[in-house]
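Visitor: What follows is each chain in one-letter form.
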Amino acid sequence: MSLDLPATLSGASGCRTAPVLKERGQREVFCGLTGIIWLHRKMQDAFFLVVGSRTCAHLLQAAAGVMIFAEPRFGTAILEEKDLAGLADANAELDREVARLLSRRPDIKQLFLVGSCPSEVIKLDLARAAERLSGLHAPHVRVYNYSGSGIETTFTQGEDACLAAMVPTLAGTTARELLVVGALPDVVEDQCLALLAALGIGPVRMLPARRSADLPAVGANTVFALVQPFLGDTHAALTRRGARHLAAPFPFGEQGTTAWLRAIATEFGISDDVFDRVTAAPRARALKAIAAQSVELQGKSVFFFPDSQLEIPLARFLARECGMTPIEVGTPYLHDALHGPDLDLLPSGPTISEGQDVEKQLDRQRAARPDLTICGLGLANPLEAQGFTTKWAIELVFTPVHFYEQAGDLAGLFSRPLRRKALLQAGAQA
Amino acid sequence: MKLTLWTYEGPPHVGAMRVATGMKGLHYVLHAPQGDTYADLLFTMIERRNHRPPVTYTTFQARDLGGDTANLFKDAARDAYARFQPEAMIVGASCTAELIQDDPGGLTEALGLPIPVIPLDLPSYQRKENFGADETFHQIVRHLAKPMPRTEAISCNILGATALGFRHRDDVAEVTRLLALMGISVNVAAPLNARPSDIARMGQAHFNVLLYPETGEGAARQLERTCGQPWTKIVPIGVGATRDFLHEVAAITGLSAAVDESALRLPWWSASVDSTYLTGKRVFIFGDATHAIAAARIAATEIGFTVVGMGCFNREFARPMRAAAKAHGVEALITDDYLEVEAEIERLQPELILGTQMERHIGKRLGIPCAVISSPVHVQDFPARYSPQMGFEGANVIFDTWIHPLVMGLEEHLLTMFREDFEFHDAAGASHHGAKAVARAEPVEAGVLHHRTPAEYLDKDEAAAVAVAVLGAPVWADAAERELKKIPFFVRGKAKRNTEKYAADRGVTEISVDTLYEAKAHYAR
Numbered sequence: 001m002s003l004d005l006p007a008t009l010s011g012a013s014g015c016r017t018a019p020v021l022k023e024r025g026q027r028e029v030f031c032g033l034t035g036i037i038w039l040h041r042k043m044q045d046a047f048f049l050v051v052g053s054r055t056c057a058h059l060l061q062a063a064a065g066v067m068i069f070a071e072p073r074f075g076t077a078i079l080e081e082k083d084l085a086g087l088a089d090a091n092a093e094l095d096r097e098v099a100r101l102l103s104r105r106p107d108i109k110q111l112f113l114v115g116s117c118p119s120e121v122i123k124l125d126l127a128r129a130a131e132r133l134s135g136l137h138a139p140h141v142r143v144y145n146y147s148g149s150g151i152e153t154t155f156t157q158g159e160d161a162c163l164a165a166m167v168p169t170l171a172g173t174t175a176r177e178l179l180v181v182g183a184l185p186d187v188v189e190d191q192c193l194a195l196l197a198a199l200g201i202g203p204v205r206m207l208p209a210r211r212s213a214d215l216p217a218v219g220a221n222t223v224f225a226l227v228q229p230f231l232g233d234t235h236a237a238l239t240r241r242g243a244r245h246l247a248a249p250f251p252f253g254e255q256g257t258t259a260w261l262r263a264i265a266t267e268f269g270i271s272d273d274v275f276d277r278v279t280a281a282p283r284a285r286a287l288k289a290i291a292a293q294s295v296e297l298q299g300k301s302v303f304f305f306p307d308s309q310l311e312i313p314l315a316r317f318l319a320r321e322c323g324m325t326p327i328e329v330g331t332p333y334l335h336d337a338l339h340g341p342d343l344d345l346l347p348s349g350p351t352i353s354e355g356q357d358v359e360k361q362l363d364r365q366r367a368a369r370p371d372l373t374i375c376g377l378g379l380a381n382p383l384e385a386q387g388f389t390t391k392w393a394i395e396l397v398f399t400p401v402h403f404y405e406q407a408g409d410l411a412g413l414f415s416r417p418l419r420r421k422a423l424l425q426a427g428a429q430a
Numbered sequence: 001m002k003l004t005l006w007t008y009e010g011p012p013h014v015g016a017m018r019v020a021t022g023m024k025g026l027h028y029v030l031h032a033p034q035g036d037t038y039a040d041l042l043f044t045m046i047e048r049r050n051h052r053p054p055v056t057y058t059t060f061q062a063r064d065l066g067g068d069t070a071n072l073f074k075d076a077a078r079d080a081y082a083r084f085q086p087e088a089m090i091v092g093a094s095c096t097a098e099l100i101q102d103d104p105g106g107l108t109e110a111l112g113l114p115i116p117v118i119p120l121d122l123p124s125y126q127r128k129e130n131f132g133a134d135e136t137f138h139q140i141v142r143h144l145a146k147p148m149p150r151t152e153a154i155s156c157n158i159l160g161a162t163a164l165g166f167r168h169r170d171d172v173a174e175v176t177r178l179l180a181l182m183g184i185s186v187n188v189a190a191p192l193n194a195r196p197s198d199i200a201r202m203g204q205a206h207f208n209v210l211l212y213p214e215t216g217e218g219a220a221r222q223l224e225r226t227c228g229q230p231w232t233k234i235v236p237i238g239v240g241a242t243r244d245f246l247h248e249v250a251a252i253t254g255l256s257a258a259v260d261e262s263a264l265r266l267p268w269w270s271a272s273v274d275s276t277y278l279t280g281k282r283v284f285i286f287g288d289a290t291h292a293i294a295a296a297r298i299a300a301t302e303i304g305f306t307v308v309g310m311g312c313f314n315r316e317f318a319r320p321m322r323a324a325a326k327a328h329g330v331e332a333l334i335t336d337d338y339l340e341v342e343a344e345i346e347r348l349q350p351e352l353i354l355g356t357q358m359e360r361h362i363g364k365r366l367g368i369p370c371a372v373i374s375s376p377v378h379v380q381d382f383p384a385r386y387s388p389q390m391g392f393e394g395a396n397v398i399f400d401t402w403i404h405p406l407v408m409g410l411e412e413h414l415l416t417m418f419r420e421d422f423e424f425h426d427a428a429g430a431s432h433h434g435a436k437a438v439a440r441a442e443p444v445e446a447g448v449l450h451h452r453t454p455a456e457y458l459d460k461d462e463a464a465a466v467a468v469a470v471l472g473a474p475v476w477a478d479a480a481e482r483e484l485k486k487i488p489f490f491v492r493g494k495a496k497r498n499t500e501k502y503a504a505d506r507g508v509t510e511i512s513v514d515t516l517y518e519a520k521a522h523y524a525r
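Residue numbers (the UniProt record's numbering), protein chains in the order written: chain B, 1 to 430; chain D, 1 to 525.
By construction, these hints were calculated from the structure, which means they are not laboratory data.
Hints are all accurate, no fakes.
Straight-line Cα separation of at most 20 Å, EDC-like style, residue types lysine to aspartate or glutamate; simulated pairs: (1) B:K109 to B:E131; (2) D:K364 to B:E71; (3) D:K2 to B:E71; (4) D:K496 to B:D186; (5) D:K496 to B:D409; (6) D:K520 to B:D186; (7) D:K520 to D:E510.
Covered stretches of chain B (in silico footprint by chain D; criterion: 3 or more residues with CB under 8 Å from a CB of chain D, positions within the stretch not fixed): (8) 51-63; (9) 75-83; (10) 149-155; (11) 185-197; (12) 276-285; (13) 288-298; (14) 378-384.
Backbone N, C-alpha and C fix where the C-beta goes; we use that ideal spot for every residue, glycine too.
Please build the complete structure, drawing on both the sequences and the hints.
Guide: Pasting the structure below:
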């Protein structure tokens, strides 16, 4: 395989100007509270306290699976009848529970009060509570607030809301620095930093940081690159602080990673020679791994139900690097400044849909009979039982999939269900 | 407010979902915000259902709160009827919709649908999942079941089995078989697999068998009031309880309780000499009250354990639980806070825990064997094979399940004999649990004994790796060593071996980060 760069933005063949099918109706998605599951692993001295109902606690339990038993740093302050009757004492109740929690976990330096549907509906002012509690527990603990409620956020937007809440509190700086934004698995974050260091770009700051002491500063000379496509509010908050966004496709697959790195390299005036020398070996590895893992994907069609906003960059990866044909690419939310560069590279053809009416979308999926359907766990087994091959989408958020060394694994996540179907059919005929 | 991490029960609308999903031809329209559809996963994943739960969620968002949420609900109910054509519908609100005070019952009534529409009032901030299931089934029965002439032959209804119930599928089959041995046919088993039209003919049974008081007692009392049907009070879990249940049914029907017990093996298995070592083993029991009380009786009188503690998470059944605990000479633990359960287990240091998924993890943490006897449970406790808890086959299943986590009798004897042996010692654990014996000299990492070794950890490259070690293994550069440590522990060993083999094959003497990833790419297939 050659190492030629992908064709740069060529609007003619892309999906950026394609009409978007906007739908409203019943949605089969997670709420933003689920972001806590990976955020609490990333931020090692943070605790996430949801103020909500038994439903919220039950959701986190269902989503966290066995993690719930590893002494996780999250919990739910469950609202009771008496909290609903008089709001004045909801604040006193919250203060008491927080004090008890912080005395039990003295290692906590950041506390997030996470709003939920019930707390938003009864207009419980968690922002003010966070300010009050910050005062009470300063300087040891900083208390933030964001909402992960289903009425306001979908799945990965919970991370967006969390990071956006932190941005106004970050220290100011005039240094010209690169800020990489979005929670990544540690091993992937290290690969990202190693690549940037090899290119001669530094210092590089991360948001979120692993510990509160490492939080980045931000100012008019900060440029930032996003590693996740669902960070619209964080993008806006950083822009308000004077930072400038480096628009780029997201670092999925060899092409995505190369284009992402190139946008940064260009900004920092890195020569093509240096760029090629640093990226040649990992690019070759990525291409080799993708080739091995994507054999089953060539020429197959794929249908995305909306889930995490990763759908558009992933469809771009599957179409351009694995030879798949997207039929419909559903996303819970479309953000032109974030998704644009990937839409440019996504070959025209698929329906781009935003929002959901799940019954109508299932009708479309049934009619299209895709070879592979990317969907949530509430739909996967029912669709499998109807003879469709599915890949459950949530894994794409929890698994290391970014950058060169994970490109083969990423293709493998999609090819495994097809390979398995073939194996089982072969077994059935034997 | 109450700080909660793990909850034994979901909110009451999840109980209503368990009834709706268990039934056929019934649809649930639930006024709920976007995100509440997470509960679908419990059914499609944990229970492995091959269809979506028959639930339409309104999934309102913030922008809908301006006042058209009532219309949203009406549209959702109308669309659900048009699309699914159910025989009956249940309607209600989740915790958030309870706060916005639309009236699902009134709104649906205004639509004038040509089917029964049953409104549910489930107080989310006071009650929990089991109440939700019990109340929903109760309301369905109240709306649909009518007094009818009895069937000619003696028949009964079986009450309480739901979707996501612990072993409900096979319990219903086993109890149906038991009743058939007595000459009794089943009129309707509900909610599981029943249709609203089946509920309407429940009145023709002679009596009701209540399998699960937690989810069926409301309906049993309702049917007693309206259809004059007596209901059974004994739950047939364990040999003794099953025989008592048969006598109870005999008293209701006038039939003989003498049935064929030739497939019952627990009594002999328990009497055989290999089971002698079980005598007096200290057991702690926790779960829903019905399963915990039944388990205590089996433990004490059918296997010969000593019950050192017992309790339940559902306060509704605190009274019978306290009485049962007293009979075993212990104080009942009534709590829905798993930290209290953990503290009690830590204090008592039992040799076996019988509990829920949560106690399984507590056991893992404390290094105490555990078997699961009650919801909430995870995917492995919705097994493919036939595995009831009730009746005679249930007793066989229970014996195997509880004994399996313990070291087998002879093995325990040998371990005791060679207690100080450096390789063959107690900390090595049960041989059939895949725990790797660790030589005494080495410190044992906490919890390692109870982690299964993933199969991929041991592969045919083992021999190759050993060969490499002998021939002088390549040296790891510091950066590569650090990179290796970032790989999850359960595949790290394999990655290390593969990389070393890859390096050795190519004559590489120092392994760099690049070598590690070259090898990863090489072995990617």
